[in-house]
Amino acid sequence: MTELFAETQDGVALAERDSLRRLGMMVFLASEAMLFAGMFTLYAAGRIRHPQAFADGVDHNLRWVGTANTYVLLTSSWCIAMAVVRLRSGSRRSALLLVSATMLLGLLFLGLKGYEYQWHLAEGDGPMAVARHDPGIALFMGLYWLMTGTHALHVIAGLIFLGYVAWRVAYRQANDRLLEVAAWYWHLVDLIWVFIWPLFYLLGRVSR
Amino acid sequence: MNDTLRGLLGLPEQASSVARDIDMLHLFVILTTLLGAACVGLVALWFAVRFRRRPGDQLTPRVQANPWWEAGLIGALTCLFVGWWVIGYRQYLHLQVPPIGAYEILVSAKQWMWSFAYPGGQRSLSMLVVPVGRPIKLVMMSRDVIHGFFVPAFRIKHDVVPGYVSVAWFQAEYAGTFQILCTQYCGTSHSTMRGEVVALAPADFALWLQGSRQPTRAAEAEEAAERQATTPGGDRLDISHLAIDGDPIDRGRRAAARHGCLSCHTEDGQRHIGPTWRGLYGSRVELADGRSLIADAEYLTRCMMDPLGNAVAGYQTVMPSYRGTLDPDDAASIVEFIKCLAMADAPAAVANPSLPTQPYRVGPP
Amino acid sequence: MTPPAQDSTAGAKSYLVAETTWSSWLMTSDHKRIGIMFLAATFLAMLLGGVVALILRIEHLTPHHTVVDAMTYNRLFTLHGVIMVWLFMIPAIPAGLGNFLLPLMLGARDVAFPRLNLLSFYVYLLGAGITLSAMLMGGTDTGWTFYTPYSATSPTAVAPVVAGVFVLGISSIMSGINFIVTTHALRPRGMGWFDMPLFVWGIYATSIIQVLATPVLGLSLALVVLDHSFSWGIFDPARGGDPVLFEHLFWFYSHPAVYIMILPAMGVISEVVCTFSRKNPLSYKAIAYSSLGIALVGFLTWGHHLFVAGQSAYASGAFGIISELVAVFSAIKVVTWLGTMYRGSIAFTTPMAYVFIFLFLFVFGGMTGVAQAAMSLDVHWHDTYFIVAHFHFIMVGGTLTGLIAGLHYWLPKITGRLPNERVGLIAAALVLMGFVITFVPQFLLGNAGMPRRYYDYPVRFQALNVISTVGSWLLSSGILLAFGSLLHAAFRGPRAGSNPWGSRSFEWRTASPPITANFERPLDLVPGAYDYSVVNPHD
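Protein chains in written order, with our numbering: chain G, 1098 to 1305; chain V, 13 to 377; chain D, 11 to 549.
Pulled out of the complex, with its shape left as it was, chain G reads as follows (with noise of 0.2 Å):
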């Protein structure tokens, strides 16, 4: 991030760059939400349209591997925020700790979910497989992909924020804001999972 943050020409630092990057990463996850909020009503009107097929697209997934991810992302999150905690009172050392712990939940979500997608390839369920099933079905596991695809790409791009967040406090002496803005993007990311974990694992047939 640049060290050009705005000064009036009064001599005033009124424009704190913390402040900056709060308000910017609050504007960038609105937008986010907006991304996902798309994906999410693209769900609830496949799922008006075909509540069977919805209802059985369930049994394609894998649900402890999502029940898992839940729990890891869950953790992670609890991490990251005790991280910023950590920092803000003074304890370098446990916060960056704590960031690497989030870092490792991470990226054993996205194994997880990594053998959950060669499970799928394996069951010949994969993205390319989507254009053979039958309707309803063939929206379901098209949602899936692209839901938690486009999830998994925001988990990557959280771990390498995290990772250059990581650096910036052992090395640069940056302070709790920086790490909270990255805080705040973890858990959006973490806060959609549990939105798709119920949708794509949990939300199986409804009794007549």
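Treat the hints as calculated values from the structure; they're not laboratory data. Ideal Cβ positions, reconstructed from N, Cα and C, are used throughout, including at glycine. Some hints could be false.
Said to hold, decoys possible - Derived Cβ-Cβ restraints for the label pairs, each shown as a range:
id : chain 1 : residue 1 : chain 2 : residue 2 : range
1  : G       : 1260      : D       : 37        : 20 to 28 Å
2  : D       : 74        : G       : 1257      : 36 to 44 Å
3  : V       : 95        : D       : 322       : 21 to 29 Å
Once you've looked at the hints, dock chains V and D against the given chain G.
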């Protein structure tokens, strides 16, 4: 006066029952718009002259808007705009809901032509022949991409979306030919996907339906004059092109057998996997989703295309969709067949010996 | 070529000459240079889109084949739409003029994230490059609206075009984030929200839309590619999909997008009206709040593009009435601008001439929008040339005139030189005349029932088409003259002082052109940006 303004605005003839009212709203709105834009322009120009910069002119008074004026202006404009919406929405609703008892014609849109199928099994390519003075309900389906059915002279338009049954209606006020244009870009020949509505006097229309007359050129001219089958502008109408193809009821039964309908729907009143067709047309049906409606041609067509969405209560939802496999001609014939099974003198049904004598029980296995 | 004007105060050089290497431009983080680069790029896009438009109009001289075949025509109208909307209209005023002016108007040194700003320019170039490469592959013929299922089945280069637009959307979001944060956080102490120049409100409202709506565009485009290139069938009815769902997703972005295109132009008009009437706005808050109103209520109107698509009558009615309401905000602005002239001291300069053109054309074009929201009328007009005329009245008659007005107005600030008034006024007259002759016949064509996107048309429409084409030649000569004059003046115009127009707005309280850091002394906020009732000590 109406015609002068219509001419100035470039509007086509008002050939449908709704055109005149829609044009009245059009005039109201456009004239107000022109007036508004002119006023704004003139006031601006007047200000530019009246308050032009003079040498030495450096400071100006600080003028603030009177909040009452602001509120008043906002209120007045809102009332005007909403007023237009009220009138327009009522007209729009009138356009969306076909009158009961309208004459139903199935329309099929495909790249790049329109085809029409009549209840009696008649088919027509690009030419939609209709009787004057009677509401015509168009039940429209697309075979491929989105098309748009537009008849400028009638002021009607509706997109024909694949996967949907799109409904539009009109009533032609006088005889004539009126162009049909496709208004939703659908590929290379989108701009030549056209057709014509041919509105005939009811007697002529009946004759056309029977197909009993195939007028020669000479006879056509004579008959056209005799039957006053001309537009107000005096153009002739050519109705010599259509062939009628077999007894529609027979066609319908054959189509139903060919597409497997008779495996689940009986003709004789016995309850089977699907509702019986005897007495179905025109009766009230209770749907699985709670709706209750009359089984007319539109409903029956929707059932063929989207059976799950239109299922009758108390039956298993096992009917496949015929979207893409049943063409409008066959669909129309089947509807015609179902219709005749509802009449008092319906042909004797062929009992299906494989059916159990007890009606099926519906419920969990 | 004479060097650009240098700053008159001792020592500091203007941003134009402070560094002159290629890398000082290409790797700059100076918002002013980035703004100029955006203006240059969007200008080239406008020229390209304009040439395509001229070809389309020449094709329409005759009802059948004139110069191109049907498929080429279909690809060309798509290209025209894609270029004009995403490569020109959306970025030109915000990322061009907005970038240049926002920090100056706020007394700040730069935008909140200068390097993100540079990145947004390169992402724009990448997106533009992808889109234009797609054009070399023949482009696509779906129209800029990419309706499914045709876009999923068209045997054309759908995916590359869509990919290019996707990348352009990312640039748009970046600019939006930057401007929102800049507006919130970089105002000096003493400049409250209602002390800012109104152009900032325009850009701010635009940025809100860019940030919230563009992601949905990205999603829609991604889905088109998945349907087209991977046959996912999300919108394929044979696979259980719904084509109208695409229309909803697409227009959820694309209707607010038209407000992205007009709000910045309205901001320009606010500035020009006040400066050249030497007058405070009749109601500052009316303009500020109506900008927000347009941005927010504009998100609720998208279904008015689906009145004949099979949308429920209930939903259509709701969208119709909200569309009527959103127009009230624009009407408030128009009346406020008019009222600002009252008892002012009006100088009929080129920017002011464009304001008058804007007022007339935008009111007329906007009112045809109100007319369309009276829904039965839209049933007749939808997908005809009436709609084409309507949006060109707003986009060309509104946004383009706003852009040209802004370029003339701020040319001294950007380059330190004055535009040529006489040529400017002649060009304005040509633009107005050409515009009217081009687009008024198109309203009549729409009334008569000529659909849009028609390569071939019924013969009875020919006369109006010919008139429209002749108008397009006049219009393009006016536009070329205007831009040519601006370019000439940028390098050879007479030198300007720091505030040649005597404006009170804050960007004029520093040198023309400014030094790289914008202000040598802290910005003095007194008198206010619109206070023409007191003498300006800064001149």
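Could you see if the CB distance from residue 95 of chain V to residue 322 of chain D stays within 21 to 29 Å? The hint (21 to 29 Å, Cβ to Cβ) holds, given that residue 95 of chain V and residue 322 of chain D are roughly 23 Å apart.
Is the hinted range of 20 to 28 Å satisfied by the C-beta distance from residue 1260 of chain G to residue 37 of chain D? holds, 25 Å
Range agreement (Cβ of residue 1257 of chain G with Cβ of residue 74 of chain D, hint 36 to 44 Å): violated, 57 Å
Figure legend: structure checked against the earlier numbered hints; the only hint not met is number 2.
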